[in-house]
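> The hints should help you fit chains Y, V, C and X onto chain D, whose structure is shown.
If you want the building blocks of each chain, they are given just below.
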Amino acid sequence: MGKKKRTAKVTNKKQSRRAKKMGKAPGSVIYMGNREGEKSSVHILEYQEHQIDEFEFDVYKQEDFEKIIEFKNSPSISWIDVIGLSDEKLIEKLGTSFGLNLLSIEDAVNTNQRPKIDEYDNYIFGVFNMLYLDHNNELVAEHVAIVLMENTVIVLQELKDDVFDGIYNRIKSKTGRIREKGADYLFFALLDAIIDNYFVILENINSKIEILEEDVYLHPTPEIAQDIQLLKKEVLRIRRWIYPVKEMISKLIDTEHPLITKDTKLFLRDAMDHSIEINETLQVYREMSMSLMEMYISNVSNKMNEVMKVLTIMASIFIPLTFIAGVYGMNFDYIPELHLKYGYFYVWGLMILIFVGLLFYFKRKNWL
Amino acid sequence: MGKKKRTAKVTNKKQSRRAKKMGKAPGSVIYMGNREGEKSSVHILEYQEHQIDEFEFDVYKQEDFEKIIEFKNSPSISWIDVIGLSDEKLIEKLGTSFGLNLLSIEDAVNTNQRPKIDEYDNYIFGVFNMLYLDHNNELVAEHVAIVLMENTVIVLQELKDDVFDGIYNRIKSKTGRIREKGADYLFFALLDAIIDNYFVILENINSKIEILEEDVYLHPTPEIAQDIQLLKKEVLRIRRWIYPVKEMISKLIDTEHPLITKDTKLFLRDAMDHSIEINETLQVYREMSMSLMEMYISNVSNKMNEVMKVLTIMASIFIPLTFIAGVYGMNFDYIPELHLKYGYFYVWGLMILIFVGLLFYFKRKNWL
Amino acid sequence: MGKKKRTAKVTNKKQSRRAKKMGKAPGSVIYMGNREGEKSSVHILEYQEHQIDEFEFDVYKQEDFEKIIEFKNSPSISWIDVIGLSDEKLIEKLGTSFGLNLLSIEDAVNTNQRPKIDEYDNYIFGVFNMLYLDHNNELVAEHVAIVLMENTVIVLQELKDDVFDGIYNRIKSKTGRIREKGADYLFFALLDAIIDNYFVILENINSKIEILEEDVYLHPTPEIAQDIQLLKKEVLRIRRWIYPVKEMISKLIDTEHPLITKDTKLFLRDAMDHSIEINETLQVYREMSMSLMEMYISNVSNKMNEVMKVLTIMASIFIPLTFIAGVYGMNFDYIPELHLKYGYFYVWGLMILIFVGLLFYFKRKNWL
Amino acid sequence: MGKKKRTAKVTNKKQSRRAKKMGKAPGSVIYMGNREGEKSSVHILEYQEHQIDEFEFDVYKQEDFEKIIEFKNSPSISWIDVIGLSDEKLIEKLGTSFGLNLLSIEDAVNTNQRPKIDEYDNYIFGVFNMLYLDHNNELVAEHVAIVLMENTVIVLQELKDDVFDGIYNRIKSKTGRIREKGADYLFFALLDAIIDNYFVILENINSKIEILEEDVYLHPTPEIAQDIQLLKKEVLRIRRWIYPVKEMISKLIDTEHPLITKDTKLFLRDAMDHSIEINETLQVYREMSMSLMEMYISNVSNKMNEVMKVLTIMASIFIPLTFIAGVYGMNFDYIPELHLKYGYFYVWGLMILIFVGLLFYFKRKNWL
Amino acid sequence: MGKKKRTAKVTNKKQSRRAKKMGKAPGSVIYMGNREGEKSSVHILEYQEHQIDEFEFDVYKQEDFEKIIEFKNSPSISWIDVIGLSDEKLIEKLGTSFGLNLLSIEDAVNTNQRPKIDEYDNYIFGVFNMLYLDHNNELVAEHVAIVLMENTVIVLQELKDDVFDGIYNRIKSKTGRIREKGADYLFFALLDAIIDNYFVILENINSKIEILEEDVYLHPTPEIAQDIQLLKKEVLRIRRWIYPVKEMISKLIDTEHPLITKDTKLFLRDAMDHSIEINETLQVYREMSMSLMEMYISNVSNKMNEVMKVLTIMASIFIPLTFIAGVYGMNFDYIPELHLKYGYFYVWGLMILIFVGLLFYFKRKNWL
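Residue numbers (this note's numbering), protein chains in the order written: chain D, 247 to 614; chain Y, 247 to 614; chain V, 247 to 614; chain C, 247 to 614; chain X, 247 to 614.
Bear in mind the hints are in silico, worked out from the structure with no lab data behind them.
Treat the hints with care, as some may be off.
[Stated by the list, open to error] In silico DSSO-like pairs for lysine-lysine, Cα to Cα no more than 27 Å straight-line: (1) D:K511 <-> X:K270; (2) X:K420 <-> X:K508; (3) Y:K479 <-> V:K492; (4) D:K497 <-> Y:K492; (5) D:K497 <-> X:K497; (6) V:K492 <-> V:K508; (7) X:K611 <-> C:K611; (8) Y:K511 <-> Y:K492; (9) C:K497 <-> X:K492; (10) Y:K479 <-> V:K339; (11) C:K611 <-> V:K497; (12) Y:K339 <-> V:K420; (13) C:K611 <-> V:K339; (14) Y:K497 <-> V:K492; (15) Y:K508 <-> D:K497; (16) Y:K420 <-> D:K339; (17) V:K418 <-> Y:K335.
[Said to hold, decoys possible] If you want the footprint, here are the derived chain X segments under chain C, 3+ residues with CB under 8 Å: (18) 344-356; (19) 486-498; (20) 511-517; (21) 545-554; (22) 567-577.
Since the model is a prediction, treat every value here as computed from it, not as a measurement.
The C-beta atom is built at its ideal place from N, Cα and C for all residues, glycine as well.
Just chain D, with the same shape it has in the complex (with noise of 0.2 Å):
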């Protein structure tokens, strides 16, 4: 029951925020995540090859606001990162600052966005889901969003998390070609992040299949019918947010906009070939729980069996026998065998007859 109200409220709270939309008009900016009254943050990282420069602004000084804006024009590499999306305005503001449309900035506090690409004359807004695991081993979902400017590649984020500290480790140690690249690269590179996390999320969901196999075979009892429900709804789940993937670097591949070079593209193809291949296995995932559920329906039909079995040769086997015990136990004034000398052992070799009868007929069955 307590599940049940649960679920109720988390319904009513996506609703209500949802609800906040209806009847917005569109691209009015509305945050729809569930860490309201957060603060901002914004770290900047502005690199070239023989130099890099790390910053942290307090985004609610004009002050500092200003020189965030700045780095726009900045001839180095800047990945300006923003940290909460909570305060609407404040994101507004900042878009709006660095040129972009108000559908993307809707798009990027809008946590329930559907993953996708959209392609602006001046830069390339990119939302994704960015899945990883927590500290319980659940699956977490995080809203992202990436823009791709000239020189400027800005991450906007609900937190501080580690799915990108590879990259970060990567520039501040001059390691791989990064550093030798445009912001494209950047961008691409995070986007490579992301679809590697993926892959940990399969790693995942594939052994709990394994262990959901063996548990079908070994007890299938109606918990693992539902745990089996619960992996076929997270594959569906994960399936929709990683499904329009592969058609968003797709479409940058073919884009002919002058932010993508060609160089990057041929990543690009590199992190294409990964998300088929995350495509494919979660086709083969869903597949496998579908076969689950059919083991476990087969597997219960055996235990039925089983149990079936014990009645059937139980009573098969007793019944008889008590009918004769019954015979006997009739008080007709005249029954002959009652009075054998030997009757009543005669009647235990009737019966014990019958019993090795019964038990050899079933053996024969293989019901033993």
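Okay, now just chains Y, V, C and X, sitting in the frame of chain D:
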């Protein structure tokens, strides 16, 4: 039984309405809804960036009728809202006066019309299903036709309801861009409001699924199975109403019709995202409702398993014991055990032994 | 058994008819229907906007035959209705006189022909399945071929039936546009009448589904399962007949054949909508009929569950009681309880206690 | 067991044949059928509109061999029929003499080759599966390769059978157009004869489905389930053989190869219709065979239901009665009822009452 | 349990390997296989039409290494076979020396890489899964990368195995065309050898299906159900490995890359046919394995049916008889039948009558 008859009646009504069209020429304006005899009324909102006027006309007065037609030529944006479609003649006269093709007028009053977009030289014509929940939380599908002309949007609907209230308020209060933009933006805004309402319907289905999921697990009665089937049917029905919308918007985005500006197409791209998301969600719901049925069947099997176990345990334990009691109820002249001093207690000992042994056996099989 | 034989006979008949074509050259005009030996007759309706004439000819008289052929060159619109296709020679002679390709004539009399549209230089040839319900509400599929030539439409059909009566009346009474338009509009109107009738068939299937839904729920007998299978088969069959129509109309809309005017294409777009709707509805019916079977199986399981519960309750209650009775039916010399003054009543007390306890247990398990 | 071994043998044989190709270069002419050691023979039919000649050659004589090759250059149409493909060397020699690519010759003798059409500069090469029923009504799939060259059609097949007899007769008797047309029409006619035979196979499957439908209903034994599985496998197999044909014909219709005239393409369009119909029919049969299995499972459940009802009725009626009899079989010193004058009859009355009551209960539940 | 832990370990291993790549830049050459620490070796076959040389190099000697690189410029065809991919540094050095892109080298050592073809300006790069059966008839999937350069084919694989032995022998013995053709033909031949081996895998699956079909019918134990699930998983896995090959070949056929000659494309068309056939066969196997599970479930039901019948027959016959015996075991003072002279025998007669009657009834129901 009562239900059956009701269904039959509904079908007959629909059939007879469909029959009205049988053998009629295409382009015959025949009302297909079930609100025959209601009068139509016309509300008009005329606005520019800095001015707004609202009118209500008695369409049955020739004087008013002529005034309505004149709005067509007004340089301001006119939102002409026609409520009530059952007066076929009036609608036909109104439609022709606005220069609509007879086929369009036919589709406007044909409440069974599949959603579609048709482009004509001087207007764009769309038919939609407006879905909302009524006071009893029952799904209502209302047929609505929207015509986009130069500076004019005509909405033909059956009821004065509130799906478009948000837009009305935005125009009145000058929030959002709507007052600065053309008729095509109003057309988009109406379409967007309809699509936004689809999300409410989806969430309603989602909570139904969640309730059924729990019910299936806790008490899989045949009524639950029927509820699942009703849910599946509802998803199928909604899919038929919603599914064409994606293709319709895609048609509007790709059109070269001069009435749709490039600026509005940017917003349509956003509506496109929503309609894709809706279709994907419906697909997920469809798979979930199929899983529900599977879960139900597996739970019915489980329940039967449990019933069988009780039977098997009771029968397997007491049938052999009854047999033993029967043996010593036999009336043979000579049954040595009967004359043992503690014979009766020995037998009780044996029976308790068998009882415990079988309990232990069933315990080991995890049946208890 | 009787049914089997009948089926076998039908198959043999069909096979032998199919066998008639085996090894024949393509373009061999061979009648495939089952109305051999019937005579053909020809009815002609010739009309212009302000004039209409009706003729009936005895096609077996050379004089009449020649008159028929002359209608081909009349400037008025001629609707030539050929009833009865079994006289292969006559049809071939008639077809060739009208300039039809032998392949078309073959398809016209081949009642097994899949619906299709073929374009030739001087005519457009379509084969359709006219579906209607006969007096016993049984589905009838009648093969009909329609040829569109300049100013002439030839209809070749097996029976004089009334699907086209609405059009006939509209022409006669000058309602609708039909008298003002060309032969291509007549061609469209005939096609539209055929498609309109498909809706009647769909509604018939719909009511069958509704009746079965209730039957499945109330009394899931094996006969119901068979009815569901028959329904599924019927939906499959109808889908095969109807499915190609959408593609055929699409072909007509995209054609550049001079016989189809741009104006008629507008109407064809309408027919296209209908054929899409029909295909979608059939798809929904298919899924519903599959759900029905699922529902049926789940209800059979439920019924079995109920049966099992009755057995389990009866057996679980009375088997232990019988055991107790058996114990005190034993003939041991010394059974102390037997000699208690109220022993018999104590035992009844014990038995009632067990009885009530078990009833309570089953109640708590919701089995009662 | 015997069956298993047989199956294994067949597989081994096939595997060893497949193994023959393993590691061989593509274009190695290796016979894959199971008629090794049979001699080839060549029959030739040479015809023009007003002349016809028939030849039989001993292809192993160099003299005859050379004569055969000369037909290639004859201005008349030559239908060269090569029977027996196991002599790889001979076929290679013959093929090369006719100017065939080694890859084509390989495909001609590879009886496992998937149906396909290959276009080369000077010929069109097709591989088909000729399906027919043998004397035991068993399905036979015979590999046949047909080569279309200028004025020449070469047919390479394993057996002299009668699928092409109709065409042979039409050429001989000058019925149909075939004598007036070119080699491409002969090519089409052969292809058409193969497709026509597919309909016979489909009808055979149809009658199998009809017989199984009845069997499933009347006596759903496990053997029937196996027959259904065999049917499903057969449909799958046939689909693999037939499915590519549609695409092949479509390729021929779209080709710009000079060997296919526009006139023949008209006939190919007809064959296309047939192949679409065949594929659709196979699809329907597949769904029907799946329905059969579903029906079977539901009928097995029904039968079990019936068995359970009998058990439940018998047990529920007699177990309580036996309990009552047991009660009055107890040996308590004081059981007042036993000493009533009509006690025995009262008990019978009670038992009959219970009996009738339970019968009535089961009747009301529709179990009787 | 042991199995579960093993599975978990394997997963962890894989995960940790995958983790090695996490956060690394794309193009990082990281070995993903499980043969770490093994040394690489290089074998080279250099051939022209009339000359052939074979070399084996110690790639860790700088002198040998340089010799290997020089083969790149040799005018003869060089087949450079690199065995062992775990030495990431060496492979990277080798790859770069041959002018390969880092992304290609990464894919070459990434043993999890999905099969693909990438075209670069100066080479074509393909990754494949070489499938074969090891000595225990277990399926082995070996990652192999093949690079086509001008006059050079580089094969990078983990093990020296014999899938390519046939090609090696053909080159050595000068059978087939291979010596006369270019490097692209060698590339094709290697690809063709890989595809040819897929057929062996398919036949292995086919015999597994055949064995399971019989097992399912004869003894549908839960182990069989698990075997069917394993088979399904295997088919899914193989499909993922094999499926992309068709598209890859199609890409090679459509390419305009100068390294692929028109002549080789003819052979690729042949390989295309094979890969289509393989995909279709896998599809059929998938459907068959699903049918197997269905068959299994239906057979489990049948077995249960049989069990139930035995129980029903035994219980239905002996419970009424026991009741009769119980009646005459009652201790009423006055039971007239008990004092009949032949009462006992009359009762036996009655019981035998009931016994025979019930037997007859079950016989008629076909339960015996």
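> Provide an ascending list of the numbers of those earlier hints which the structure does not satisfy.
10, 11, 13, 18 and 19
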